[in-house]
Amino acid sequence: MNVNVKFFARFRELLGTDIVTEAREGMTIAAVVSAAAKKNREGYDAIFDQKGNFLEFVIVMQNGQRVETADAAAIPVADGDVIAIFPPVAGG
Amino acid sequence: MLSERERERYKRQIPIFGPEGQDRLKAAHIFVAGAGGLGSPAAIYLAVAGVGTITIVDMDTVELSNLNRQILHNDRGLGKKKTISAIETLRDYNPEITINAIDTPISETNVRTLVGRVDGIVDAMDNYPARYLLNEVALEKKIPLFHGAIRGFFGQATTIIPGKTPCLACIVRNPPPAEVSPVIGVTAGVIGSVQATEVVKYLTGNGDLLAGRLFIWDGLAGSAEEVAVAQNPACPACGTGAGRTPSTEHP
Chain A
1 MNVNVKFFAR FRELLGTDIV TEAREGMTIA AVVSAAAKKN REGYDAIFDQ
51 KGNFLEFVIV MQNGQRVETA DAAAIPVADG DVIAIFPPVA GG
Chain B
1001 MLSERERERY KRQIPIFGPE GQDRLKAAHI FVAGAGGLGS PAAIYLAVAG
1051 VGTITIVDMD TVELSNLNRQ ILHNDRGLGK KKTISAIETL RDYNPEITIN
1101 AIDTPISETN VRTLVGRVDG IVDAMDNYPA RYLLNEVALE KKIPLFHGAI
1151 RGFFGQATTI IPGKTPCLAC IVRNPPPAEV SPVIGVTAGV IGSVQATEVV
1201 KYLTGNGDLL AGRLFIWDGL AGSAEEVAVA QNPACPACGT GAGRTPSTEH
1251 P
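Chains as they are written, first to last, in the working numbering: chain A, 1 to 92; chain B, 1001 to 1251.
Source of the hints: derived by calculation from the structure; they are not laboratory data.
Among the clues, some could well be false.
Partner residues are not named here, just some residues of chain B that face chain A (Cβ under 7 Å, in silico) [said to hold, decoys possible]:
#1 Met1125
#2 Ile1150
#3 Ser1181
All residues carry an ideal CB built from backbone N, CA and C; glycine is no exception.
This is chain A alone, in the form it adopts within the complex (with noise of 0.2 Å):
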């Protein structure tokens, strides 16, 4: 099945976006997100940690409804969805 990854600002800027990906049976946002991310470990290292976790800061949806971060490496995709993935910014 098919997963559509955006991410936004800085993110789009190290990954790209509208990355489509084949997505497994069972797969979780975060293993998807993870998969699209690799390719580019600073871009990688902008939304995971160590562990392989989003950082917190890191606003995820999924179809438009936001998903906690925390409970992305549990939530399974469906195909055709879309991820969205964006960094907030704080600077004025």
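Chain A is already provided as a structure; the job is to place chain B on it using the hints.
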């Protein structure tokens, strides 16, 4: 009522929202938290649009490294307090409005008094602890909060209407790590202008606010997107525990 001079000054915008809309801008008091990158364009555009009273708060002094983006200040103003520099610039732009500039940090102890009874708060801060304070006060006093934040070529903005939309703590539950954010002035210009646009829309009752929507600007890609944002029932600021953390709810 508008004076003849005001009718002339605002001649090109009055057709957009009528003299009533211009009267509403004139009657309004907007609080701009920060006279930096975002506060500069936001305050300038609100001033030239004719927002009757603007209170702007900042604690810093104008430094050379501010001048790539903080267009309230200029080279001649180096070393001045930003409040002084801001009030001079805004008065030059529009002497017909009232400008208060307050030289102080925004803290837990003074934020309620500073904000007072304004009609809207522009979040032009550069850190989330200060933003969460503004968010708390906005919720308490039921004042709209016009949020913006920037980094590099990227920015975000949303409009928080207490009781109707998710609050800032619903949207940004965990702030990004503190840093001195790299930023190009044009990004501050885009996002600060979006914030000012939201204020003008809110005050004149025009258009659709960025309520429950996070506007995301990507200057590098040359694209803007938005994501729907939802209230977090467990939010420590606006959830059932209103302002209390879960740990104080369940001792």
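Structure-based check of each hint:
{"no.": "1", "hint": "Met1125", "result": "5 Å, holds"}
{"no.": "2", "hint": "Ile1150", "result": "5 Å, holds"}
{"no.": "3", "hint": "Ser1181", "result": "3 Å, holds"}
Comparing the model with each earlier hint shows no violations; every hint is respected.
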